[in-house]
Structures are given as structure tokens and as C-alpha cells.
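Listed here are the chains, written in short residue letters.
Protein chains: 4
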Amino acid sequence: MERGKNSQQVISGPPPVKLVNRETKPEGTIVNVQGIQIGSSEVVVMAGPCAVENREQLLAIARAVQASGGKILRGGAFKPRTSPYSFTGLKEEGLKLLATVRQETGLPVVTEVMDTRQVEMVCRYADILQVGSRNMQNFALLEEVGQCNIPVLLKRGMSATIKEFLFAAEYILKHGNQQVILCERGIRTFETSTRYTLDLNAVPMLKKLSHLPVIVDPSHGTGHWWMVPWLAKAAVAVGADGLLVEVHYKPEEALSDGPQCLRPDKFDSMMQEINKVARAVGRKISIPKPIHELSNSTV
Amino acid sequence: MERGKNSQQVISGPPPVKLVNRETKPEGTIVNVQGIQIGSSEVVVMAGPCAVENREQLLAIARAVQASGGKILRGGAFKPRTSPYSFTGLKEEGLKLLATVRQETGLPVVTEVMDTRQVEMVCRYADILQVGSRNMQNFALLEEVGQCNIPVLLKRGMSATIKEFLFAAEYILKHGNQQVILCERGIRTFETSTRYTLDLNAVPMLKKLSHLPVIVDPSHGTGHWWMVPWLAKAAVAVGADGLLVEVHYKPEEALSDGPQCLRPDKFDSMMQEINKVARAVGRKISIPKPIHELSNSTV
Amino acid sequence: MERGKNSQQVISGPPPVKLVNRETKPEGTIVNVQGIQIGSSEVVVMAGPCAVENREQLLAIARAVQASGGKILRGGAFKPRTSPYSFTGLKEEGLKLLATVRQETGLPVVTEVMDTRQVEMVCRYADILQVGSRNMQNFALLEEVGQCNIPVLLKRGMSATIKEFLFAAEYILKHGNQQVILCERGIRTFETSTRYTLDLNAVPMLKKLSHLPVIVDPSHGTGHWWMVPWLAKAAVAVGADGLLVEVHYKPEEALSDGPQCLRPDKFDSMMQEINKVARAVGRKISIPKPIHELSNSTV
Amino acid sequence: MERGKNSQQVISGPPPVKLVNRETKPEGTIVNVQGIQIGSSEVVVMAGPCAVENREQLLAIARAVQASGGKILRGGAFKPRTSPYSFTGLKEEGLKLLATVRQETGLPVVTEVMDTRQVEMVCRYADILQVGSRNMQNFALLEEVGQCNIPVLLKRGMSATIKEFLFAAEYILKHGNQQVILCERGIRTFETSTRYTLDLNAVPMLKKLSHLPVIVDPSHGTGHWWMVPWLAKAAVAVGADGLLVEVHYKPEEALSDGPQCLRPDKFDSMMQEINKVARAVGRKISIPKPIHELSNSTV
Chain A
0 MERGKNSQQV
10 ISGPPPVKLV
20 NRETKPEGTI
30 VNVQGIQIGS
40 SEVVVMAGPC
50 AVENREQLLA
60 IARAVQASGG
70 KILRGGAFKP
80 RTSPYSFTGL
90 KEEGLKLLAT
100 VRQETGLPVV
110 TEVMDTRQVE
120 MVCRYADILQ
130 VGSRNMQNFA
140 LLEEVGQCNI
150 PVLLKRGMSA
160 TIKEFLFAAE
170 YILKHGNQQV
180 ILCERGIRTF
190 ETSTRYTLDL
200 NAVPMLKKLS
210 HLPVIVDPSH
220 GTGHWWMVPW
230 LAKAAVAVGA
240 DGLLVEVHYK
250 PEEALSDGPQ
260 CLRPDKFDSM
270 MQEINKVARA
280 VGRKISIPKP
290 IHELSNSTV
Chain B
0 MERGKNSQQV
10 ISGPPPVKLV
20 NRETKPEGTI
30 VNVQGIQIGS
40 SEVVVMAGPC
50 AVENREQLLA
60 IARAVQASGG
70 KILRGGAFKP
80 RTSPYSFTGL
90 KEEGLKLLAT
100 VRQETGLPVV
110 TEVMDTRQVE
120 MVCRYADILQ
130 VGSRNMQNFA
140 LLEEVGQCNI
150 PVLLKRGMSA
160 TIKEFLFAAE
170 YILKHGNQQV
180 ILCERGIRTF
190 ETSTRYTLDL
200 NAVPMLKKLS
210 HLPVIVDPSH
220 GTGHWWMVPW
230 LAKAAVAVGA
240 DGLLVEVHYK
250 PEEALSDGPQ
260 CLRPDKFDSM
270 MQEINKVARA
280 VGRKISIPKP
290 IHELSNSTV
Chain C
0 MERGKNSQQV
10 ISGPPPVKLV
20 NRETKPEGTI
30 VNVQGIQIGS
40 SEVVVMAGPC
50 AVENREQLLA
60 IARAVQASGG
70 KILRGGAFKP
80 RTSPYSFTGL
90 KEEGLKLLAT
100 VRQETGLPVV
110 TEVMDTRQVE
120 MVCRYADILQ
130 VGSRNMQNFA
140 LLEEVGQCNI
150 PVLLKRGMSA
160 TIKEFLFAAE
170 YILKHGNQQV
180 ILCERGIRTF
190 ETSTRYTLDL
200 NAVPMLKKLS
210 HLPVIVDPSH
220 GTGHWWMVPW
230 LAKAAVAVGA
240 DGLLVEVHYK
250 PEEALSDGPQ
260 CLRPDKFDSM
270 MQEINKVARA
280 VGRKISIPKP
290 IHELSNSTV
Chain D
0 MERGKNSQQV
10 ISGPPPVKLV
20 NRETKPEGTI
30 VNVQGIQIGS
40 SEVVVMAGPC
50 AVENREQLLA
60 IARAVQASGG
70 KILRGGAFKP
80 RTSPYSFTGL
90 KEEGLKLLAT
100 VRQETGLPVV
110 TEVMDTRQVE
120 MVCRYADILQ
130 VGSRNMQNFA
140 LLEEVGQCNI
150 PVLLKRGMSA
160 TIKEFLFAAE
170 YILKHGNQQV
180 ILCERGIRTF
190 ETSTRYTLDL
200 NAVPMLKKLS
210 HLPVIVDPSH
220 GTGHWWMVPW
230 LAKAAVAVGA
240 DGLLVEVHYK
250 PEEALSDGPQ
260 CLRPDKFDSM
270 MQEINKVARA
280 VGRKISIPKP
290 IHELSNSTV
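Residue numbers (numbering that gives the first Met the number 0), protein chains in the order written: chain A, 0 to 298; chain B, 0 to 298; chain C, 0 to 298; chain D, 0 to 298.
A couple of the hints might just be wrong.
For chains that are exact copies, the list does not tell them apart, and a pair is met inside one copy or across any two.
Derived BS3-like pairs: lysine-lysine, alpha-carbon spacing no greater than 30 Å straight-line [claimed, not checked]:
no.	residue 1	residue 2
1	K275	K265
2	K265	K283
3	K265	K249
4	K265	K90
5	K249	K162
6	K90	K249
These are computed hints drawn from the structure, not numbers from a lab.
Pulled out of the complex, with its shape left as it was, chain A reads as follows:
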């Protein structure tokens, strides 16, 4: 009857994860996206605009990303925004633009899905479904993408513990989808000079506890374009399997997140730099040299 005795104890959580646990599956999972292997020795860079704005914008950025060694195109058609008065994306029109640009460039596409009712539609256009930070514990959505046949990029909630993050992934695996990529994107702390605090401790910790590949988003994690290359190098050094980076030709005109977007020339320099770090830690990035030299002269 007396429950007071243990009342200063922290409430103990649920039992440990199963399906995402590395003890269950010691070898690392490799997520295959149209032949690109995430979780292999190659560091895979996904880049593109925060939001899909129009065909010209998207195609130009996609070509630049590809020329510099980016392997997957990111771009939001459905945009979660703090204010209902901000631009919230082109919706299905944006998805169609992504599909068009994929066809023209051959780059697979990762894009966000925000609502269970959109999952089927987004699946028709995307190569990877992104579940955003604010939806990491939208359990209905996790269950729905868990029933899809395409990979899921799951972003860590901005105040989710490592444990909660892994449980969110567990929801997806439990519903049948084993192709999950974890993404550290910055956590909320007291610090205000950066948008979030990119938590690179999370990378080795996630890889120790789980067999799933782990990528890092230095754009949201810092909120400042000039910091992105620095944190991208750190992410590669700390063992990330890939990066998610925002690129835009005219960041000051971007409809979303301009201050954290890299211009293509800066993105290209960043790719050169992280390639060196990747090699220093026994990994690599395949950069299409000739096209890259070409792109340098045209950008």
C-alpha cells in the first residue's frame, strides 16, 4: 500500500529494444537505395534544397549536387513549419518535380512524409521516405511507413533520448520494414548561438547499440551555413555513414531555411574536404572527378 519508499526513483522505462538491437543482429545493416549502399564503407551524401520550389531550381541544384559527388537528392514537398503562415511546400506538385528531376539526373530522391494519409502517395514518387524530427514519436506514422517497401530515413526528435530514438525505429521494423536509416539532426539545449546542438556523441552510441546505419544533418544541427563543412568533417570522422545537407543557389531567397543552406561552390569544397577525412578514417566518397571539374567552370 505504501508507495512512498521508492518515490524518488526515476520511473524505469520499458525493456530494451529488440529488432534494432545490435545484439540481435551483430553485423551492420546496409540499406540499399537504387544500388547505393548506406552503411557500407562509402560515406553517402544526400543533398538538395530544403523545399522544392520549382523545376529550374531543383534541376540546377540536383546537377550541382551530383557533380560534386552527392548521391541522393533531398527536397521537401511537404514542409513542417512552426508557423501556419510560412511556406509549407508544393505538396504533390513538388513530388512530381522530384520525380522528373530524378529521371533527368538518375539521382534517387529522399523526401518527407508528414501524415499517414500521404504515405501511399509519397511512396509513388520517393526512393526514401523521411520521417521528420517533429514526427519521431508520431506512432501512427511510424506504423504506416513500417508497412512500406521503401527505406525510411528517421530523424531524431529534437529532444529524444537515444533510447527513445531507437524505440521509434523499433516501431518501423516491428511493422515489417527493415530498411531504416537513423539521422542525428541536432538536439535542443540551452545554447542559443546555434539553432540546435548537433550531438555527435549519438553516432558511436547509436552504432554500438544498433545495427542500423547512421547519418548526420549538419545543416539543421547548426543553423549556420558556414558551420556545415566543419561539422560535416566531424560527422565523417566520428563514424557517420552519410550526410544530409541543404544546398541552394540563392540561400537569401530560399523559401525555407536559407541561413543554413550552402551554395553549390561551398558544397563542392566541402565534398573535397570530407573526402580527405573519409579516407583518413578508412572510408571513401566517390566524387565524379571530370564532371566536377566541368561544374567548377560553369557554376
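Following the hints, position chains B, C and D against chain A.
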């Protein structure tokens, strides 16, 4: 071209909220739930089990809640749970039990909706739709409940700033539903001796910035049943328009959140105590005295 | 040899506190300051300017504080400031002013000590030594005040857990001084609309774990003068044994922390309000009525 | 008279730093410690036990550190400990051991000073004075080390913003000492799987805002020995000028912080790895190859 100059600045946010802003509507909004006025001089207590488990449990708790002065019955039919292996609620069966008990007791019902596809169904059974902390920025869900004709209880995200919280409410009002109740339920901090840190600063700040009523959930906010009456008193003193409290006859057997549930006798004492505090700050709680005395002898 | 197995565990902390533990001493400690009992049924209010500025300022504020029921005068002679270019206090001259005003009003004085080398000097003038938030783990200072014969008001570090806070107090008791008052003054969180997040959960938790009296500082805890009365009422409702409040006649000219200082008339209203809450929770505040009426006409 | 209008504003802080500001001194400061240049192209590694325990322990670790390329010996003689019942260091005896081992190995020594009264004594033995995280805003101590003639290693407070960290350094420079090394050592967040959250965003941000060299402590920043090499690589990649690492022969017997100490063989592997990363980002670490090979066979 040079963006470096301002780069140490924090990214400025969106323009201020409009519809929820007290400057737009200086007098406080009163949300009317079957004649119960939330935002009036009466402090409205909503109480019940974390999860609906069965008819007997729910009815017994509802009668106890009512006897002690609780005005609205809370109970989860859809339960967001960190682990996919935890009990996730009775779903529609739970909603039906809530409706039955409402009929028997006359208590209006508040219950959570987690998915846009469930909104219509939950509306058929509930008097107030609850949007949980983990869905505070599930914008698709906000838009959907914004189109409903029944009040919405919006819980603050566990790491949402006051500003983000108000923007989430703005989504609902912008879609047509003006009947929104804000609920502070504890934020995530470094402290580990409590489940969350109930942020009572939020109450006067929200009431200054917005005309919407504000209630407090001391059960989730602390995670310890013995702390609930203390923080409930503080919440009333700091100006809360209501409370959301978990009550269970056998907390140690509760399928969810047992350690933070009050037993009915403790809930009854709490109601007596907060009534005194309410009167000290110029408010009141109407406690049905005779029934209360009766319930004391039967519990 | 293999240490990897437990590596995901959180490093376990030191064994529990002893001397400050309520299990060691079940009855609450009452700290006696010139006949004023902190930890008794009376809620003791300590108030005054953030920094001692001059004799006129200090005396006028002291008389107003006293007239409204304040029992102890607060005022900083040594001020910890984030920037070395801010006003850092009048030093010993400030202590002398405090002593003078104490003599004129009879109000005991609480003032901060920041350096082990100042302890002896501050002891000559003060009735309570304050150890500030930034020095909560200045262990040399804790040991030094632990050897003094006058009470110590220990403020919680802005990111100290309850456990660390109690260990800091343990340092003082272990060195011989049993007269310690714990003070919750706001913790650092992600929220930016308030200066800190006043953690009222801490009050019942500290009182459960320890026998030491607990007071609350709503001025630093919120950073906004208009919030102070609200949080003061909540602090009394949640069980605080006292309050520490900043009062200034001209907050806009204060050399430190103006935006969080109450004017004497607002302080007086606050005292009336918290008195009602105190009585609602079985405590009291003795307000000198006639003097108060007099002060109302002169201020 | 009406101050309410701006009351939802965050209290604005003090004006920007001056002496530590990179705008005041665009070229980076190089701190010279017995010929070792911190802030140059070389990444300087400081390593050793958390606490000095005895001569044998210290000398053995120092030789291992040196053999692997460590340039400065760290070791605590005065240990700030959360609990007064933990080992708090050998005090002056520990300083003497550090001086002896310095003489035998030629390694300069960095050690913590916790109290203004100890500064003179510690100066007699140390090559760098360390001000710990818990004392980052012990302003009396900052002023005192600001008057010393030897370099100061200033650790970021566990909940200090970048701005507050720079202001703490400003105190030291303002009092005359220009030789300050900033050290990121992990901040306090909600995450519990690591001891702290090492904030690598801080490195480029500090280097942008200030001319002072910046080093990183991955031992405290993670709390797990196996994570240290990962975060050390990331720290070098993100631009750190040095590292502070805990090394112990028998971590399980260490009197302080064992779980985060590297064994010498792991430290040696780490040095090889970070050397590769350093070269990839245009920097270097001078590792005494022959001695290193020798040490491999003897350890």
C-alpha cells in the same frame, strides 16, 4: 554575397502569432464543454485513468472523480507509447466505454487522438479532443482538429518553447476551431529525479500572450503521485484555469503510468486542498459536498 | 579486461547524502536568524535590492520591505556578473551600509560571499551568508562557509540536479555548519521567454529528501517583475518555507537586474496575496498592519 | 511607469566581449607552453590521469603518454567532487609529484586550481593552470589567474552559453593574462546515455568569435572510454587546436572517473588515428615514432 557578418546571430523566427494573441482579443476565451466553462472563475478539474482498461475500472474511477468535484473524465483509448511492446489502448472499444460511462455519470469526456484518420471517429465519442505532447507539431493533425466542431486540449510539446506552443494553437484556430485549451504538462530538462519539469512559469506567460485558457497536468509533469497534490496547489495559485490529473484505484496494476496516478482518496484530499487555494486567489471549485461525504464512506 | 559490456550504462553516482538526508533526521530543521525561524509554519520573506547602491536607496527599500512584512533584508555587496564590465558591487562599503541599515531597521541581513578570502569579512556584517548559483560547486567556498557560525543560504546551481544540490549542502554540514537554507532559483532550460525556468517541483522533492528548509527566488527564476507575484504564490502553495525577492524603487535605474525587480507597491500587494495563499495551505505570514497602512501613504 | 509592454522580451545581455573578440585581434593567439605552441598547425594532446594518485602511477602514465605523442601531462592534485566523501586529491603532495615527473620526462604540466588561496602555490608547480567547469563563473578565481604569468586552460561551464564562456575568458584577459586556452568539455542536456553532450558546434563558433585557441575534452564530454577515440577524431576534424584526454593503466582502480579513462594502448591507437585525421584537415601531430615502437613492446 557575404553572409558571414550576421552568422553568429540566432536565426530569427517567424512573425508573431495572430489569432491566439491576446492583443487581437484582449478578453479571455472561455471554452464551453457541455455547460462547463473553462477559462472562467471556476478551476475545472479533469481526471481519470491514464488508459481506459475496462468498464468497471472506468465507471468506478469516474464516479469517484465526480464525487470529489472532478467535472470532466479523462481516459486514453489511443495511447502513444515509447515502446511498440507496451499497451497502446483499447482503440474504438475504449471510446465506446468512455461514451457509456459519460451517459451513466453525465461527465463529459476528454480523450486523445493520434492520427488524422481517427479524428472523425474520436469526434463521435469525445467532448474534447486531446492532442498529445508528442504530436504538438504534427501539423496535419492540428489542421484536422482545426476543422472539428468540438474543443481541443493541446498539450505543450516536451521541448516546445512558449512561442512554438502558441504557433501550434494558431494552426488550430486558423483552420476554424476557436475552442482551444492549452495544457502545460512538463518539459524535458537535465533533471532526472522527476519525470519531466513542470514549468509553472508557462502559465502566467501563456495567459499574458494569449487569450486561450491554460490548464496544468501535474501527473505527467512530475511522474510521482505524491507530488501531484503539491504541484496542483501551485498550479491553481499561479493562475491555471484547470487541472488534468490521473486517478486509478490500483495504480500498481495500471496498464500505463501507474507511478503517477493518485488513488481516489488522495484525489479527494487534493480537491479539498486546491479548493482552499482557489478561494485564496479569488477562484473556486464546486465540490458536490453530500456526494463527497457519501463517497468517502464507500471508497 | 573487457569493459564494453556496460558501456551504455550511465556512470553511477556517489552514495547518497548522509547529513542532509531526512532519513537521518526526520524532523525538519529550523534555521534561526535573530529570532526569525526559517522552516517553521511562518513563510519568511527576504527582500531588497539586487545590489546595494547607496545608503538612501537601501534604507528606503528596507523600510518598505519591513512595512509590507518582509523579515530579512537582502542586498548584494559582492555581485557575480557575467561581464567584467558590469557593476560588481560596493564590496566592503556595501557591507557597511547593510550593517547600518540593519541597525536602523532591525532587519537581519543576507548577502552573498563569492570568495574564500572574503568569508571572514562578510561574516562580520551578515546574518546569513549567501552562496550564489554560480558557486554552488565552488567546493573550497562550501568548506569555508561550513566552518562559520552563521546560517548559509545555498542557491541551487542553474544546471544542478537535486542530487548535486543536496551534495553541495552536505559539504557545508560536514564541515560543521548545520544551519543551511536551500534556495531554488530557476534552472537553465531551452525556454527563452523567461530568464530561467523556476523549478517548483524541486520544493516538495527537496523537502522529501532532506530536513533542510527550502525557499524560492521568483525574481531570478523568471526574470520578469510582473511574473514574480504569480510564482511567489505558487511557491507558497507548493510548500516553500520562504521567498527571496528583489525590490527596488526605480527598477529602470537599478545597477543590476532591474527588469526583475518589484516596486515597493507591487511588493506590498504581493505580500497581501501570498498571505492568503499561505493561510490556505496552513501557514502564515505576519504582516505589520499599522506600519503597512502608514507606508502605503508615504510611498 | 508601465513596464509591461516589453515584459515578454528576453532580458538583453551585456555588450559584446572586447579583448577575446576576434574582431579586436584577427590573427589567432598562440599560447606558448615551454616551447609547445597551442593554436598553431600542430594539434596538441594533453593527457594523463584524472587524479594524481602516486609517483609510480603518474610516471608510468606520463611515459606512455609521451611515447604516444602526448605533449603535456594532465593530472589533478585538487579534485572538485560532487560528494564530500569522494577522493579529493593529494593536494600539495600531488603538485610535488607532478613537478617531479615533469623533471623526469620533460613534459609540461596542466593541473587544476580551485580556490583563490591556492593560486600562488599551484603556480609554483604548474605550467598551465586549469580552471574547471564548475568554477567557470567563479569570478574571484578568474581575476586571480588573470594576474598570473602562466597560461590558463579555461573549461566551459557545463551549462554555460558560448557567450558566457567568452565573458569568463574576458575576465582573465582583462586582468592582464592573455594566455588563455578555451576547452569544450561537454554540456548538460536531457540525454542520459552519455555523461555530458560534447558540443562540437562550439569549436568553430568559438574560433569565429574569438582569437583564442580551443581544445576539446572527449573524456568528460562522453564519460565512456570507448567513445573517446571517436570524439577525439571528430574534434580534430572540426578544428580543435588540441585535446585533453584521461589515461590510466588500471581504469577500474582509478580513484576518480575510471569509466572514462583510456588505457595506454588504446591511447596509442587513438593518437595514430587522430594523426591521420589531423593530416586530412591540414594539421599534424608529432608522434615520436621510435619511442612509440619501443613503448609498444614494453607496455
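Flag every earlier hint the structure violates by its number, smallest first. Checked against the structure, no hint fails, so every one of them is satisfied.
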